[in-house]
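S.K.: Could you put the whole structure together from the sequences, leaning on the hints where they help?
6 protein chains.
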Amino acid sequence: MTLTHLNQQGEASMVDVTEKDITDRAARAQSAVAMSADAFAQLQAGNNKKGDVLATARIAGIQAAKKTADLIPLCHPLALTKVKVDFALDDENHTVHIESYCRLAGRTGVEMEALTAASVAALTIYDMCKAVDPAMVIGPTKLQEKVGGKRGHWQAEASPTEEEKKQ
Amino acid sequence: MTLTHLNQQGEASMVDVTEKDITDRAARAQSAVAMSADAFAQLQAGNNKKGDVLATARIAGIQAAKKTADLIPLCHPLALTKVKVDFALDDENHTVHIESYCRLAGRTGVEMEALTAASVAALTIYDMCKAVDPAMVIGPTKLQEKVGGKRGHWQAEASPTEEEKKQ
Amino acid sequence: MTLTHLNQQGEASMVDVTEKDITDRAARAQSAVAMSADAFAQLQAGNNKKGDVLATARIAGIQAAKKTADLIPLCHPLALTKVKVDFALDDENHTVHIESYCRLAGRTGVEMEALTAASVAALTIYDMCKAVDPAMVIGPTKLQEKVGGKRGHWQAEASPTEEEKKQ
Amino acid sequence: MTLTHLNQQGEASMVDVTEKDITDRAARAQSAVAMSADAFAQLQAGNNKKGDVLATARIAGIQAAKKTADLIPLCHPLALTKVKVDFALDDENHTVHIESYCRLAGRTGVEMEALTAASVAALTIYDMCKAVDPAMVIGPTKLQEKVGGKRGHWQAEASPTEEEKKQ
Amino acid sequence: MTLTHLNQQGEASMVDVTEKDITDRAARAQSAVAMSADAFAQLQAGNNKKGDVLATARIAGIQAAKKTADLIPLCHPLALTKVKVDFALDDENHTVHIESYCRLAGRTGVEMEALTAASVAALTIYDMCKAVDPAMVIGPTKLQEKVGGKRGHWQAEASPTEEEKKQ
Amino acid sequence: MTLTHLNQQGEASMVDVTEKDITDRAARAQSAVAMSADAFAQLQAGNNKKGDVLATARIAGIQAAKKTADLIPLCHPLALTKVKVDFALDDENHTVHIESYCRLAGRTGVEMEALTAASVAALTIYDMCKAVDPAMVIGPTKLQEKVGGKRGHWQAEASPTEEEKKQ
Numbered sequence: 645m646t647l648t649h650l651n652q653q654g655e656a657s658m659v660d661v662t663e664k665d666i667t668d669r670a671a672r673a674q675s676a677v678a679m680s681a682d683a684f685a686q687l688q689a690g691n692n693k694k695g696d697v698l699a700t701a702r703i704a705g706i707q708a709a710k711k712t713a714d715l716i717p718l719c720h721p722l723a724l725t726k727v728k729v730d731f732a733l734d735d736e737n738h739t740v741h742i743e744s745y746c747r748l749a750g751r752t753g754v755e756m757e758a759l760t761a762a763s764v765a766a767l768t769i770y771d772m773c774k775a776v777d778p779a780m781v782i783g784p785t786k787l788q789e790k791v792g793g794k795r796g797h798w799q800a801e802a803s804p805t806e807e808e809k810k811q
Numbered sequence: 645m646t647l648t649h650l651n652q653q654g655e656a657s658m659v660d661v662t663e664k665d666i667t668d669r670a671a672r673a674q675s676a677v678a679m680s681a682d683a684f685a686q687l688q689a690g691n692n693k694k695g696d697v698l699a700t701a702r703i704a705g706i707q708a709a710k711k712t713a714d715l716i717p718l719c720h721p722l723a724l725t726k727v728k729v730d731f732a733l734d735d736e737n738h739t740v741h742i743e744s745y746c747r748l749a750g751r752t753g754v755e756m757e758a759l760t761a762a763s764v765a766a767l768t769i770y771d772m773c774k775a776v777d778p779a780m781v782i783g784p785t786k787l788q789e790k791v792g793g794k795r796g797h798w799q800a801e802a803s804p805t806e807e808e809k810k811q
Numbered sequence: 645m646t647l648t649h650l651n652q653q654g655e656a657s658m659v660d661v662t663e664k665d666i667t668d669r670a671a672r673a674q675s676a677v678a679m680s681a682d683a684f685a686q687l688q689a690g691n692n693k694k695g696d697v698l699a700t701a702r703i704a705g706i707q708a709a710k711k712t713a714d715l716i717p718l719c720h721p722l723a724l725t726k727v728k729v730d731f732a733l734d735d736e737n738h739t740v741h742i743e744s745y746c747r748l749a750g751r752t753g754v755e756m757e758a759l760t761a762a763s764v765a766a767l768t769i770y771d772m773c774k775a776v777d778p779a780m781v782i783g784p785t786k787l788q789e790k791v792g793g794k795r796g797h798w799q800a801e802a803s804p805t806e807e808e809k810k811q
Numbered sequence: 645m646t647l648t649h650l651n652q653q654g655e656a657s658m659v660d661v662t663e664k665d666i667t668d669r670a671a672r673a674q675s676a677v678a679m680s681a682d683a684f685a686q687l688q689a690g691n692n693k694k695g696d697v698l699a700t701a702r703i704a705g706i707q708a709a710k711k712t713a714d715l716i717p718l719c720h721p722l723a724l725t726k727v728k729v730d731f732a733l734d735d736e737n738h739t740v741h742i743e744s745y746c747r748l749a750g751r752t753g754v755e756m757e758a759l760t761a762a763s764v765a766a767l768t769i770y771d772m773c774k775a776v777d778p779a780m781v782i783g784p785t786k787l788q789e790k791v792g793g794k795r796g797h798w799q800a801e802a803s804p805t806e807e808e809k810k811q
Numbered sequence: 645m646t647l648t649h650l651n652q653q654g655e656a657s658m659v660d661v662t663e664k665d666i667t668d669r670a671a672r673a674q675s676a677v678a679m680s681a682d683a684f685a686q687l688q689a690g691n692n693k694k695g696d697v698l699a700t701a702r703i704a705g706i707q708a709a710k711k712t713a714d715l716i717p718l719c720h721p722l723a724l725t726k727v728k729v730d731f732a733l734d735d736e737n738h739t740v741h742i743e744s745y746c747r748l749a750g751r752t753g754v755e756m757e758a759l760t761a762a763s764v765a766a767l768t769i770y771d772m773c774k775a776v777d778p779a780m781v782i783g784p785t786k787l788q789e790k791v792g793g794k795r796g797h798w799q800a801e802a803s804p805t806e807e808e809k810k811q
Numbered sequence: 645m646t647l648t649h650l651n652q653q654g655e656a657s658m659v660d661v662t663e664k665d666i667t668d669r670a671a672r673a674q675s676a677v678a679m680s681a682d683a684f685a686q687l688q689a690g691n692n693k694k695g696d697v698l699a700t701a702r703i704a705g706i707q708a709a710k711k712t713a714d715l716i717p718l719c720h721p722l723a724l725t726k727v728k729v730d731f732a733l734d735d736e737n738h739t740v741h742i743e744s745y746c747r748l749a750g751r752t753g754v755e756m757e758a759l760t761a762a763s764v765a766a767l768t769i770y771d772m773c774k775a776v777d778p779a780m781v782i783g784p785t786k787l788q789e790k791v792g793g794k795r796g797h798w799q800a801e802a803s804p805t806e807e808e809k810k811q
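Protein chains in written order, with my numbering: chain Z, 645 to 811; chain G, 645 to 811; chain B, 645 to 811; chain U, 645 to 811; chain P, 645 to 811; chain V, 645 to 811.
Careful, some of the hints might be misleading.
A pair counts as met if it fits within one copy or between any two copies, since identical chains are not told apart.
[What the hints assert, rightly or not] Simulated crosslink set (PhoX-like; lysine-lysine; CA at most 25 Å straight-line):
1. K786 with K711
2. K786 with K774
3. K794 with K693
4. K694 with K664
5. K664 with K726
6. K693 with K786
7. K693 with K774
For the record, the hints were derived by calculation from the structure and aren't laboratory data.
As the structure is a computational prediction, the values presented were derived from the model and not from experiment.
M.R.: See below:
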């Protein structure tokens, strides 16, 4: 039997973290949903026909953080010890800002968990408001801050606010 | 026994689509991941250490479309009949553009499935490139087009390209 | 080769519904959580430390209905077209009453989906209030009504209220 | 940009257990399914048409314990080290009693895992016997005992038996 | 902006079955687990320490059939209408033979569902007997028969039995 | 009330590993898919119509390893720290050989995770090539090696190669 071993260059695998130390790790991520004045007014007034938008999006985001390893193929399964999803309303730009926070004592970081929580919270807001405005825009979705692990503390540079971008 | 029935205003429920017609429905959504020159060069050269980024993101996006009803609390479970995730590389802006397409003969639209596929493909690209650039930005994530159902054909207005935004 | 075919008497299988008609089916189920005066007061006042108890339980119940075939081994996967979970507060008995409703155009009934939604909503209420009162009691959980299918309409006999039971 | 930060009072989050000690934790929960004489006789004789009721319910309960964090929104994902589901038959009252037991070396208790195992075992019994008796009643479902963690040992007060309740 | 559209040759997608007819489809698959005399004797006597091997494997196989689209990336989600897993014991070769059967009224075949049921039933038998014999061998796993769809009826050629292979 | 406690002999439960030591554990498993010359040529040439067969199977195998406790009823949930799936092509026998490797610092071994990864990678290859050859054969699937735990190192005896089997 002659076996052609496939070139392993470029082949996906879940990297080995067995020998990494268990340290306290945390990550903070953000996303946003920009919508029409009508959709935003309805969300603020709490009379969306499908129900309480932010309460539903918060639960969806928390549950999604726990599904990260099932969604992102090379993510390690992690026993998250804290998940939080918060919202802030920007009246001027009809935008819901989303901030997620995950924490863990573990061998690998929780950036993907925080980003997944923020993304799924955003998708849920889209789902509940899409009857009023299908043209809503999700993003920018990004990591804000990360603590723990070999690299220690990492923080995103201040990104331009919606206001600044317009100038 | 005196029962206080809770006010049902604003309470979440999965809306009733039992009596909607089964029609051919499709949706197209987009997302993008903007990254540093280094991360982009590595992705293009196919020498990312975690493996083939786009092949992995494509599978992740397709599988995520099938998990939509599990992720988005008020989405109906749907038997998708087609899911596709494509990528285009924008060298100038170091950006991977993602386009997803879902189709179904069913009672409700597949916008959320297309948006979920695009979002999870974007998150997977982030996961595989984050060792090189943790500051990558995901988005804008939005619906491009939707066909079928009561409202028929809907198409997003042309959004400004990255080039246009810079001007 | 001599094969001993195992006796199929009593062996589990998912029954064949391929040839059943697709009809409009619905089911209504109930559960309840009886708790201490303290836990009930905190739930009513909305100052439970883990968050909004009933909003969280409602989402958990709706999502659980969609997981029924994954939880109950012999249940058929069903594309539910409606799920609703409602609550009523019984001040006198410090009890939260839960009512779930599921609907489907399909080949088999949705009783298990309604019962699963009510059960998981009850478990979620327990989870959020257990720091105050670990002795809460869940139940009775039962089917109230079922519509559609070969047997048509079925309705539970009026069950004694909490009041009646005490007499 | 003026952001309205939403009042965080009453908003759901998965509480932070990162700094809790890893201790040996266990929980015991119970549920029950009361059914008609016919359904009970069939279950006892082992000639239920859908298969072996208790073997199926036992597996369903064990698997459900492992899904607890996916079902109950604010539960932490836990790496259970033991799950057991047992049954006892009460001939007089045509009732199947269910007892579940979960154990873990971890940062948070396993009450919800034990309660979820008992609840899903009960739902599975309902599913398999419902063709004979759709009026079966599930419950009371409750925690019996809990060991480990800050509060140490907790035990439910003896609850009245079915016999006692009738008097 | 200059976009480099990636060559779509060879890229994975879930094929479009939207316009296929809904027909009655079924598939039958097989697998087997060959084990040591000791492990086989223990399985036959029903005194395996982890519990009833075949009852557990049967449930695992049925539940796995329902998870097929979640496991196999390009499989369409299907609403199976029948799943069955059966076993036959070959005393001479210390082998458990597994046969699975799935059925559906749908747009695409159920071969993968039948193969997944047989494979996971085999893995479960391995799991429960591995303390006695870690060298057990699973397979051959293959499709036996398939009915429905464009190609109609397909049947595997008679494969050599274990007996025949030895000659 | 007279309770008949069911005989616990032979009843399934997830065994208690709470008091086992956390040690470095690894396992290596194999499977294979034998196919027709045509299907094999298409796979090698990379022009399978459903996409890149091995890239898709590799991701499916990795994701399946993480689902092991959800698929195999009595498996403990494990936080895998490494998963890898590799392929080798045997031109002469038109066979794809699959090797999986899993690692963990934990209380119980990862044999089932490695076997599940190899099995689901094999099923995915079958799925993508079945249009060309529905008669493909999966197996033998077996454990090759296992490290860690009470029993230390275990290695399968050299199994006959395909070549040897033919003689």
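S.K.: Indicate, hint by hint, whether the structure satisfies it.
M.R.: A quick look at each hint next to the structure:
no., hint, verdict
1, K786 with K711, "both (19 Å within a copy, 23 Å between copies)"
2, K786 with K774, "both (23 Å within a copy, 11 Å between copies)"
3, K794 with K693, "between (47 Å within a copy, 18 Å between copies)"
4, K694 with K664, "between (45 Å within a copy, 17 Å between copies)"
5, K664 with K726, "both (21 Å within a copy, 12 Å between copies)"
6, K693 with K786, "between (30 Å within a copy, 22 Å between copies)"
7, K693 with K774, "within (11 Å within a copy, 32 Å between copies)"
Every hint, counting from the list given before, is met by this structure.
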